[in-house]
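Keeping their order, the protein sequence lines are chains P and L. Per this note's numbering: the first sequence = residues 1 to 255. Per this note's numbering: the second sequence = residues 1 to 263.
You may find that some hints are simply not true.
To be verified - If you want a taste of the chain P side facing chain L, the calculated C-beta under 8 Å gives, among others: (1) Thr53; (2) Leu59; (3) Leu62; (4) Tyr93; (5) Leu96; (6) Leu115; (7) His117; (8) Leu142; (9) Gly145.
Said to hold, decoys possible - Take a look, some chain P residues computed to stay more than 12 Å from chain L by CB distance: (10) Ala27; (11) Gly60; (12) Thr68; (13) Asp75; (14) Arg80; (15) Leu112; (16) Arg140; (17) Ser143; (18) Ala155; (19) Leu183; (20) Met202; (21) Asp210; (22) Glu228; (23) Leu230; (24) Ala232; (25) Asp237.
Hints in this document: simulated from the structure, not taken from any laboratory. Note that beta-carbon positions come from the ideal geometry of N, C-alpha and C, so glycine has one too.
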Amino acid sequence: MVKPDVQKNDVVVEVEGLSKTFNGVAAVEGVSFRIHRGEIVGLLGPNGAGKTTIIQMLLGVLTPTAGTVRLFGLDVHRHRESVLGRVNFSSTYVSLPYSLTVTENLRVFARLYRLPHPEARIRELLQRFELEPTAHQLVRGLSSGQLTRLCLAKALLNRPEVLFLDEPTASLDPDMAEKTRRLLRDVRAQEHTAILYTSHNMREMEQMCDRILFLHRGRIIAAGTPREVLSAYGEEDLEALFLRIARGGSRVEAS
Amino acid sequence: MKAHRVLAVTLRHLYLYKRSLSRMLEVFYFPLLDILVWGFITVYLQQFQKALPHFLVFLLGALILWDILYRTQQGISISFLEEMWSRNLLNLFASPLTPGEFLAATMIISLVKLTLSATVAVFLAWLLYGFNLFRIGISLVPFVLNLILMGWAVGILTTAVILRYGQKAEVLAWGLAFLFQPLSAVFYPVAVFPRPLAVVALAVPATHVFEGMRAVIQTHRFPVEHLAWAFGLNAVYLAVSLAFFYRIFRVVREKGLLLKIGE
């Protein structure tokens, strides 16, 4: 029986020297970071910086070229079944079966994660994400905002201890995006869920994240609280810093 | 109707075929298979004219039994395609689900679909043509079992190739089983093949099922030897296709293809 080691140091995600090379080109290079229980960490950087690649390696669906990923003290590739039952994810790049209803989709994942009381949890999430009116509607009939909320509901289904969210509010209107951010903060407060969050909405990153990891060409070039990172680069907001890094290429240095 | 718009859409499809070997192969694949199957049927009827009454009895039975293999293979491949089409693969494999569990589920689905389609086919053959598949007797059970096993092996193989090459290999879900049809001696005996082809044909599990079926109808003997060959070959086919699937799954994890597979 594999014993998780989370009480000891409260680190739930531990990434050490993580690298991934595709056809000789480094997509991620020597990335190391830790996430503590109940912490929201933002992974930000321009397109192609390696954010989605890192999340895929954390989920065990992409094999790293080098380095280790430990969730709850366990190597995700060696202990994928026990680890993946305690995490979940949502990504703007994936969807859910269109020919199933909202409730049917959630029931399938409730079984995959072996929920003890699936119907009650499904009802609770449908209510939280304002999806009750669509409960018996086919997914193909949902708006993109409703589909995003359904994917988020799926991601919260198993009360994950670690949640990976790849651009979770990308197709939500400002009202629903704000509600989703509030809901995620509530989930963190109530269930001490650790969240790794990517978004191209810099204001959202500043609001949501306790810490940010700034990626550029597969490397972490800045890490800390949003305030610490901004002050290191002498910028007033993340939007300005993002533009400076994205346009300045490798010549960008912290002031 | 404007010619430039028609040409634009034509061009879009020509671009697609230019870079897709599987789509080009499909253009030639089915005509080639048709020529082979119907060609061997013609040879069979010319060489063995006395076999004509038997041929007519075999034909419906052979069609129903072939459909068992085809439906079983499709049950696996189409279930996988459904996940690919709905961009759901990453959701599944980022959960505790293992590749083996996924395959087991698709095998169950293939049995459900097979039960439904075979029930209809057997009933219609009896109702419309007075053909009773159960006249094959107790041999029918191991025959069907072997066709299911081979259908699973081909289905797993197909799924592995689609997993690796994505949408461009999608056509295999409908076509790969038919590659085995001319060799499986479905509508004619192995005796119609030239010697080298007969050797290849006997390495296909389904060939032994169809040869066995003909033996039962003609001689009323339980075809022990054919069934032993069919089970043995199926064990090899399943082992190879499973090893191939797991190897491909490792490659897919190394290349990060689960996210890109629907493209």
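Review point. Which hint numbers does the structure go against, in order from smallest to largest?
Key: 6, 7, 8, 9, 10, 11, 14, 15, 16 and 18
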